[in-house]
Amino acid sequence: GAVVSQHPSRVICKSGTSVKIECRSLDFQATTMFWYRQFPKKSLMLMATSNEGSKATYEQGVEKDKFLINHASLTLSTLTVTSAHPEDSSFYICSARDHALAYNEQFFGPGTRLTVL
Amino acid sequence: AQTVTQSQPEMSVQEAETVTLSCTYDTSESDYYLFWYKQPPSRQMILVIRQEAYKQQNATENRFSVNFQKAAKSFSLKISDSQLGDAAMYFCAYKGEYNAGNMLTFGGGTRLMVKP
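These protein sequence lines are chains A and B, in that order. Under my numbering, residue 354 is the last one in the first sequence; the count climbs by one each step, no gaps. Under my numbering, residue 545 is the last one in the second sequence; the count climbs by one each step, no gaps.
Take the hints with a grain of salt, since some may be wrong.
[What the hints assert, rightly or not] Examples of chain B residues toward chain A, derived with CB under 8 Å:
(1) Gln431
(2) Met474
(3) Phe493
(4) Asn531
(5) Phe535
(6) Gly536
Derived from the structure by calculation, the hints contain no laboratory data. Virtual Cβ for every residue (Gly too), placed ideally from N, Cα, C.
Starting from the given sequences, assemble the full structure and let the hints guide the process.
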């Protein structure tokens, strides 16, 4: 089955530093990937849609200069949290859409827990 | 805009019993897909079941089945013969057929507890 990996699984950083999270589709090509944020005991909130070879589409209220998304290849999208602050601490999940499948099904990565001190 | 509502923040079921999780949605589209995802403590999102809106027949996957009522915009999940491993957060999700972004809209989730 389709597998999506995320790296790192958890990261702790100091306030003011930048953190990069990678999302990879391991056995399929994904022209579209999605980045979500999930607070404890809450649902997934879509942050942005990442399209290979073009600029990401950000949801309302998500700062594009703070959450930089790059989708440089058909199997890799990265989310960089710039100048991280404690309020950026959260669980970040990516998903990738397999265009070859019916329903354009999305497959989810295992998530990355970010803690900003 | 589409919205998905899960009115039960928490549900509890005895092992081997049956439980039904509720989901309602609001949309003006006629063609769409509905999903139930499971998120266990590992936080990995797992697709449980999907339903195409144009299909009248309710989807089933082993112990999991849905009751899809298109007119009422209701999409409930029934788990039969509940097992301890079914304990998780369950999210209902919607995707429009002609949604250019093909993004999913999630409900707030229902935490299912299974009692031994």
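Structure-based check of all given hints:
Nearest Cβ of chain A to the Cβ of glutamine 431(B): about 12 Å, over the 8 Å cut. The hint is violated. The criterion of a C-beta within 8 Å of any C-beta in chain A is met by methionine 474(B), whose closest approach is roughly 4 Å, and the hint holds. Given hint, phenylalanine 493(B) at the interface with chain A, is violated; its Cβ is 17 Å from that chain's nearest Cβ, farther than 8 Å. Taking 8 Å as the C-beta contact cut-off toward chain A, the hint placing asparagine 531(B) at the interface holds, the least distance being around 5 Å.
With a least beta-carbon distance of about 5 Å to chain A, the hint placing phenylalanine 535(B) at the interface is held under the 8 Å criterion. With its C-beta approaching chain A no nearer than about 7 Å, glycine 536(B) sits inside the 8 Å limit, and its interface hint holds.
The structure fails to meet hints 1 and 3 from the earlier list, while all remaining hints are met.
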